[in-house]
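Undergrad: Chains as they are written, first to last, in our numbering: chain H, 1 to 235; chain D, 1 to 343.
A hint or two may mislead.
[As the list claims (entries may be wrong)] Here are the simulated lysine-lysine pairs, PhoX-like style, with alpha carbons at most 25 Å apart:
1. Lys197/D / Lys316/D
2. Lys289/D / Lys169/H
3. Lys167/H / Lys148/H
4. Lys14/H / Lys148/H
5. Lys191/H / Lys169/H
6. Lys316/D / Lys258/D
7. Lys167/H / Lys57/H
8. Lys208/D / Lys23/H
9. Lys270/D / Lys14/H
10. Lys316/D / Lys269/D
11. Lys9/D / Lys229/D
12. Lys9/D / Lys43/D
13. Lys208/D / Lys57/H
14. Lys169/H / Lys208/D
15. Lys167/H / Lys43/D
16. Lys270/D / Lys227/D
17. Lys270/D / Lys316/D
18. Lys169/H / Lys57/H
19. Lys269/D / Lys289/D
20. Lys270/D / Lys23/H
21. Lys289/D / Lys208/D
22. Lys9/D / Lys169/H
23. Lys9/D / Lys167/H
24. Lys43/D / Lys169/H
25. Lys208/D / Lys270/D
26. Lys208/H / Lys14/H
27. Lys144/H / Lys57/H
28. Lys208/D / Lys167/H
[As the list claims (entries may be wrong)] Chain D residues, not near chain H, derived (Cβ > 10 Å throughout):
29. Asp71
30. Glu121
31. Phe191
Since the hints were derived computationally from the structure, they do not count as laboratory data. Owing to the predicted nature of the structure, the values given are computational and were not obtained by experimental measurement. Every residue, glycine too, gets a C-beta built ideally from N, C-alpha and C.
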Amino acid sequence: MMAKSPVTKNDLKKINRLVTHFKNNQELFIRFSDNVRALFSSDRLSPYVHSAKWRIKNPDHLRDKLIRKASDMRLTGKKFDITEENLFERITDLVGFRILHLHTSQFEAINRIVLDLINEERWELIEGPTARTWDDEFREYFNKLNIKTLDSQSMYTSVHYVFTANKQKSCAAELQVRTLAEELWGEVDHKINYPHPSASSSCREQIKVLARITSSCTRLVDSIFHSHQENDEAP
Amino acid sequence: MAGIHRPSKRHPSKRIVIYNHKGGVGKTTLTINIAYALALLGKRVLLVDSDPQCNITSYLIDDITLDNLLDNSDGEDGETIWSALKPIVEAEGGLKKIEPIRHGKKLYLLPGDVRLSEFEEALNDFWRECLQRRLRGFRGVTALSSLVNQICEDHDIDYVFFDCGPNIGPLNKAILLDCDHFIVPAACDQFSVRALKTLGHTLLGWIKDWETAVSFAPDGIYLFPGKPKFLGYIPQRFRVYRGLPSSSYSPYFSRIEKSISSEIVSGFKKDDPGLASRSMRDLRIGEIKDLGQLANAGQSQGLPIWEVTEGTPDQKNAALELFEAVASNIIRLTSLSEANVNA
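Extracted from the complex, chain H is given alone in its bound form (with noise of 0.2 Å):
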């Protein structure tokens, strides 16, 4: 039987306001999301890149999020504290970006890129960039990068980057990074465990092994491509 869950009525009164308020900026959205495609779209960043992926969140799913956040903070014993006021700049995956890579080794790259776009282009990063792993030989390779790695109990595996358009932080975009292994992975989990769990403990054990599968996957192609390398630069 689910618990009660500890989200008020008045809390639920609060988050309707908040996705009615995001349905009425969509317009707004839209514009955001052009112009955070416009930056990623660069020549620059194509020879990387397998391909790309955006989205403007599905308000429901807001609404599915803020349920989760009102939640949480309720069993924390703290305020539920979004307002239409910071309601863009707190939930900061409004707009989503999402690069999508063959090999490991292209992630430096990427990340330099990345980086230099949002600089030249007077983007303000407020966050990231940030590993997801759970493994120690990616953990290594993000180190060694400078990258700064967050455990990941899920196993979800990601680099994500949250940036603004200005100092105003009228609205936040997530970028994620991710090889196309993780891609199969993250979109079997989305399917079967978001934006609720699935109820059955096999599924839920299936997808853990099948990202140690994903990625041994990942793992692989680094490995051929390096393999492939050596091949061409060898005498």
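Fit chain D to the given chain H structure using the hints.
TA: Only chain D this time, still in chain H's reference frame:
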């Protein structure tokens, strides 16, 4: 070629436009005579001829000088509004500095140019680029604003008046969003009353577009305020009988009043608490009855209408009083709104 640095701060002069996209409501006559009246009251006034038809420039300067100005405006020594803006249109660097023409002690003119329409065409792209968060777009739409700012600094200007063409094009959008205030002239005819309906709607749309563009704008670039306030309206061109508008005009007075209230005041009072508390009577900042031959004489003689050779002394005195009253109202209302801002 002397250039202009983009302003780091907006000059405190008040920028005002007398605007109605309906033509033939007497914008130019009104603008120029209000400017003269403000100068009489001791204010330093800059007139910006931002209408490619150059009406205000041809009002103030003689035909030979005007011909010379326009013939040379495209070259290195050009002295018109186009000469200053041309490098922005042709992407050949920054704004060129030009000197306004002084007219009397306190009046300055930034001369117009038929080629200003080329700048207007480029503005279509600049507006689009603003929404794409591109610096070129922001620099383009604020180019005229930067130019005016420089002249205000150099000549210690108190009031800037833009004279606009009668349309809702991209140039007028840049002017309205640069202005602190707008005044609506409304002639007493049914087309002028109808035009008020689209006017409020159009202005509010421009303000919203700019808010969107600004919310993504990169930090550290010059932007105009984008929040013009409604200062009031001026009914015009009616005949008077025994000191009151004659019966054929009085229905238009109430229709104008109604449209001003429903189409403009209702939309603009949200961001302007001072506006909500003003009565319709107080919003009527002047009444310019049919000036008859005085208006035409003023235009052909390049003089304020109270100084022309035509008309009786009584008529001219009445005209002077009328415009001085409008000018005093403008001074009172613009300093009131400044007090509100500082409060």
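Undergrad: Output the indices of the hints that this structure fails to meet, ascending.
TA: 1, 2, 4, 5, 6, 10, 15, 17, 19, 21, 24, 26 and 27
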